[in-house]
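Asks: Protein chains in written order, with our numbering: chain A, 5 to 355; chain B, 5 to 355; chain C, 5 to 355.
Check before you lean on any hint, since a few could be wrong.
Given that identical chains are not distinguished, each listed pair holds provided it fits within a single copy or across any two copies.
[As the list claims (entries may be wrong)] Below, a list of computed lysine-lysine pairs in the DSBU-like style, where the Cα atoms sit at most 30 Å apart:
1. K156 / K52
2. K156 / K337
3. K289 / K52
4. K52 / K205
5. K289 / K156
6. K205 / K332
7. K337 / K52
8. K289 / K332
9. K52 / K332
10. K324 / K289
These are calculated hints, taken from the structure and not from any lab test.
Spelled out from the first residue to the last, the chains are:
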Amino acid sequence: MSLSSMPLGEIAELLSAELRGDPETEIRSLSTIHEAGPGAIAFISNRKYIPALGTTRASAVLVSPAVAAAHTGEGPALVVLDDPYMGFALLLTHWSYEPREVRGVDPRAIVEEGARLGAAVNVGAGAFVGAGAVLGDRVDLYPGAYVGAGAKIGDDTVLGPNCVVHHGCEVGARCAIYAGAVVGSDGFGFAPNLRTGLHQKIPQIGNVVIEDDVEVGANCTIDRAVLGETRIGQGTKLDNQVQVGHNAQLGRGCFIVAQVGISGTTVIGDGVTIAGQSGVAGHIKVGDGAVIGAQAGVHNDIPSGARVIGSPAIDGGLAKRAMAVFPKLPQLKRRVRELERRLDRLEPQGD
Amino acid sequence: MSLSSMPLGEIAELLSAELRGDPETEIRSLSTIHEAGPGAIAFISNRKYIPALGTTRASAVLVSPAVAAAHTGEGPALVVLDDPYMGFALLLTHWSYEPREVRGVDPRAIVEEGARLGAAVNVGAGAFVGAGAVLGDRVDLYPGAYVGAGAKIGDDTVLGPNCVVHHGCEVGARCAIYAGAVVGSDGFGFAPNLRTGLHQKIPQIGNVVIEDDVEVGANCTIDRAVLGETRIGQGTKLDNQVQVGHNAQLGRGCFIVAQVGISGTTVIGDGVTIAGQSGVAGHIKVGDGAVIGAQAGVHNDIPSGARVIGSPAIDGGLAKRAMAVFPKLPQLKRRVRELERRLDRLEPQGD
Amino acid sequence: MSLSSMPLGEIAELLSAELRGDPETEIRSLSTIHEAGPGAIAFISNRKYIPALGTTRASAVLVSPAVAAAHTGEGPALVVLDDPYMGFALLLTHWSYEPREVRGVDPRAIVEEGARLGAAVNVGAGAFVGAGAVLGDRVDLYPGAYVGAGAKIGDDTVLGPNCVVHHGCEVGARCAIYAGAVVGSDGFGFAPNLRTGLHQKIPQIGNVVIEDDVEVGANCTIDRAVLGETRIGQGTKLDNQVQVGHNAQLGRGCFIVAQVGISGTTVIGDGVTIAGQSGVAGHIKVGDGAVIGAQAGVHNDIPSGARVIGSPAIDGGLAKRAMAVFPKLPQLKRRVRELERRLDRLEPQGD
């Protein structure tokens, strides 16, 4: 990212960080540690990139005190702060800031009668707002976004191109629903008809409630409740292609990585992290602060703070030790066979 | 769900159920067992909720004869029937019924010349119907739905917002294609070009045929056949984000849970259940009534009625026993090492 | 597929293949080996279909020299060539060829001021092209396709219905972005705020660069880089519902099967195959020509040419042998228990 010039001293001040280097150095771009050139500032949050401090062409690097201490010899100026990743986030936010443009409702948008629009909204060409829907102030609807009848969208929320918020669903303030995401589609509810062998649809008449500051990634799907609501708690972030079943309840500040599936009626606590491609079965509880590893399959309740991996998911430490033995199974089997042979030879015959 | 009032006796009659309680009790809402208040009717289909019978504030609960027998002491009125979940489905269907509104073709919809539309169709603003496409009677196209040239949509079928049915594909009667689903995209067919190391595209000129009473969940993808057809059998239900490869054949009354992937040219029998995030490899057969567990990886034919889990998938009973041993692998390895030491001590030296 | 008639001799000539049969035989359709009737030509690429040579009603079949040698007795004419699948691809391409129709920009398309359109483009009704976007020659935008401000689309590229290419992204020549795919949505970048327990969004200001001849399947998601670019190399093919995280780099000629997830900042070499539903963790390297099996979970660097399976992924041969032991774990545990009992009996007491 190219910027107008900013002296390093000002950057350190902005981040309340310690500067080890010349405060007059002009910074003109923000970059990754490997791609940075002269005039750029980069950051290190992953310790595996520490050696890059010796080779980077960046003029300055955001680092933690520990990384600063580990680095000896020549190198770029260091901006030392407790959380360099957060510093990078703040710096990037500061520099990438662009004032929001107010365009209003495009004449080719479709706003049904009875919809209520807040101040300074943007409704793009081809976007749809159904009867009785309510858009808060400064809401952005990209082209092709769909807001069903009676749905509510909070202030400062952005709905990406071709995303769908179905009728009666509620999205809080400062949310982002990315392109192609579908909020409030019918839950997967059928009663098996024992007579016909087919399935009787159960009407899904609840809704989805998304609290403030939530992000819903591209092509996610969050189903409406059969009765009541499916709920995503404040500040929770969903990566792309996440699936949330009907009546699931997600807590605050969760971090759900791409392609995760959360089944119906399951309750996820606050601050839970679920890594990519994991699945959580229905009707279970995951406690606050639990961490579920990638590709895990969770079939039972998980206590608060637990760390689980594997499918079926078990305690992370236990699972890692078992996974380490797994490749040695053929060898282990041979060793057991050999033990049996040795014992056969040792044991008295004709017994 | 709030309703106009209905006496409990009438509900029991509607469901041909036995009533244990006052037939004059007025029911004014339908609810889950935990959220129900006075005037509400709830249901229990999962036995783990039986204790809730003692604490629910519901006025009445739909239960099976077994649950009714297990419940002693105080509690709500009981509506006893063989399949309470089906009873709940019927009741909800009865109460949530709203007559379909006929709006016709929105002036901002795009209907190409040569498309044929049945009686009483709704085509929403921004929906697209290609040349030669045929919509049956009472078809609903939501805004942004796309029906390609020559595609056929059966009577009473609903196409959600921003879903896509590509050219030449056929969707039966009483189907639902939910938001963002894509039916009839090109199959993933390439011939590896040994000379260039790249891949030669194989034209995909077949189609997708979806029989009657099928549901295709939000953001599903069903690929068109290379030649011939990809087929989804009558009454089969696909949850969200399911992937079906080209030339796959799914039978009748299947139940395919979210994020499942079914590879090309695979044949799934009737009444098959595939739980969430499972994958079925290409060119194999899954017999009628088979049940494939969550996150399974099926690489070989599965006989009718079999239950498999695991990746690679094996018999469910076998897999569960093996999965129970898995966390004990480090311990098992230590036990083998210890056995070897003990035998070393026992065996004659210098042998 | 029905065709106008073509004599077998001409087909063999077109494919530079050896013909074992009557060159005058008229071929009128192309079909699968099982569905073929008289007048049809089919192919065999999978050896499991060799027995079908004895039963097919096809008039001719494309086969490899090895298959031709294995087949004795009666049967259809054989068109013998090294790569029958490639022959089939070429034949299908030859026969299914239809000249592209130029329709221009539909009056109901939305092309913002400052967008530049090449020669002979098609922009369908309801498609959107943002300010400063550039479409090359002969680009096809289907209805509902979205091209953000400043994005660039190369010559002869096709954007399917309701797909999204966000602002500033670049798509090469001869690419296909299928329906519902989202290119350039924000990467999943948040700095955990230790003070509030919530997450601070990191602006994602890089883009996505897709090189020439790439296919992106239906409902895929490819995130824009935080800084710099996410890149998909020339000729790489992505099946449906693939997820690519921010700053990932995919090489040339890769083959990524449905529902795969590739995490951020990971580097995939050239000619890599990743089978369905696999996941590759972030910040790792997969070497050229590596093959990753279905449902694998890759957490470490993979050397060039390696074949891995399993979650966590290990060497394929090793994994298969370990997977073969897995179902025998309960038995193995019993054998160890029995060995312990036998040793208990053998060892001197009171030791």
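Asks: With identical chains treated as interchangeable, where does the CA-CA distance between K156 and K52 reach 30 Å or less: within a copy, between copies, both, or neither?
Replies: neither (45 Å within a copy, 35 Å between copies)
Asks: Cα distance capped at 30 Å. Does K324 pair with K289 within a copy, between copies, both, or neither?
Replies: both (23 Å within a copy, 22 Å between copies)
Asks: Under a CA distance limit of 30 Å, which applies to K156 and K337: within one copy, between copies, both, or neither?
Replies: neither (61 Å within a copy, 58 Å between copies)
Asks: Under a CA distance limit of 30 Å, which applies to K52 and K205: within one copy, between copies, both, or neither?
Replies: between (52 Å within a copy, 23 Å between copies)
Asks: At 30 Å max between alpha carbons, let me know whether K337 reaches K52 within a copy, between copies, both or neither.
Replies: Result: close neither inside a copy nor across copies, 38 Å intra and 33 Å inter.
Asks: Regarding K289 and K156, is the shortest C-alpha distance of 30 Å or less found within a copy, between copies, in both, or in neither?
Replies: within (29 Å within a copy, 44 Å between copies)
Asks: Within a copy, between copies, both or neither: where do K205 and K332 come within 30 Å Cα-Cα?
Replies: neither (48 Å within a copy, 41 Å between copies)
Asks: As a check of your reading, is K289 near K52 (CA-CA no more than 30 Å) within one copy, between copies, both or neither?
Replies: between (35 Å within a copy, 14 Å between copies)
Asks: Give the relationship of K289 and K332 under a CA distance limit of 30 Å: within one copy only, between copies only, both, or neither.
Replies: between (34 Å within a copy, 25 Å between copies)
Asks: Between the shortest in-copy and the shortest cross-copy C-alpha distance, which are at most 30 Å for K52 and K332: within, between, both, or neither?
Replies: Result: close within a single copy only, 29 Å intra versus 33 Å inter.
Violated hints for the displayed structure, listed by number in ascending order: 1, 2, 6 and 7.
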